[in-house]
Amino acid sequence: MEIRRNILLFKLYYLFASMWPLSVLAIVLFQQITGSYTFALGVFAITTIAQSVAEVPTGIISDKLGRRKTMIMSAVFELLASLLFALSGTFVCKYLLIIGGIVWGIAEAFASGTDDAFMYETMEELRKSDKYDILYARSKTFGQIGLAVGALIAACITYFYSLVALAWGAVIIDIIPIFICLRFVEPKIHNGEDCTSMKHFMVAIKAFLQNKKLRMLSTIQMLSHGISFAGHRFEGAYFNMLIPTWAVNVARIVKQTCGAISFHVAPYFRKFGFYRILVASTIGMTIIKATAVILNNFATPFIQSCVNIFYGTASTADSALLQKELSPKQRATMGSIVSLLGGILAAVIYVLVGVVADITSVWLAIVMLIASNLFISGGYYWMLKKYKS
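Counting from 28, one number per residue, gives the positions in the sequence shown under our numbering.
Hint data in this document are derived by calculation from the structure and do not stem from the laboratory. Keep in mind that a hint or two might mislead.
Below, computed lysine-lysine pairings styled on DSBU-like, alpha-carbon distance capped at 30 Å [stated by the list, open to error]: (1) Lys233 with Lys158; (2) Lys412 with Lys298; (3) Lys155 with Lys91; (4) Lys351 with Lys240; (5) Lys413 with Lys298; (6) Lys351 with Lys412; (7) Lys158 with Lys239; (8) Lys155 with Lys413; (9) Lys38 with Lys121; (10) Lys413 with Lys233.
Sequences are here, hints too, so could you generate the full structure?
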């Protein structure tokens, strides 16, 4: 079947889409341009808000026009965002940074919900939907490898050149995912909806509100993603205070290597139940992060990077549970509703972390984020007890 080639294309897509060399040092570049951690994290907040606003419209576009076209639009907007960031660094213009953040948010909105729905529907057409979590884990393994390669590229460029040169390197790499998306095959199982956009949205909202399990699970996921995204973006600034700039990317290579291993082995743990996996993984990640920040020395970035040994198992379980609860006809739209609400929460967390870092210290902001993970572990434990799975 022609659609079978999507399985390879998903892996290649995540490999190159994740290979954004500016990833770990974007916060450092933004702070250099703006002179403020609050403003720098504010760019990420703007991105998140833009993504939140665009989530539902892009989810409807995905459900009505198809996954392939939506992924192509995401890749094009991603390239444009990287170009704006590079120009912002070249001309030291924070306004271009803001515009770039908005465009980046739109790019993320196009992919959010669509990529997972695309994978799930591909597996449905192949009559292997029960193995969706395996494809998800394998594809994300390539994503972690891409992040590691991107960090290696970043380490080399920042050692010999500058962060601005790194930003231009990101522009070149972002061209590749566009060509990969053009090769995707649209699942026949997804034929779009005949209803109007508003009716489609209202049907998705109704289905979301009627599913108590989905509401509880998505609430925990929203908080989890908001905290983890803020920590992931901000840790580069923290690490840069403890080790040289080029070495920050070496720590990120360790992190993504651990992530690749975690995603690779994730399918072998499915027999333990997804909620049990989430409880154990979130507790493990919190212990590693707490140990690292208590030491607060040159070893901290490398110890904290080992947290990703649990990331793959947690992310795979997270996605598998969510996809099981989403309605087939509004899968991307319902996923976008979850991302919309989560994005608003994440934007608030970004700003709070930036304010705490500017007023007190970067270290205290990191500690605050780690302490917040205790609520996530408690939430998943409650779900485990309630649904016994």
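(message) Of the numbered hints stated earlier in the document, which are not met by this structure?
(response) Number 9 - this is the single hint that the structure violates.
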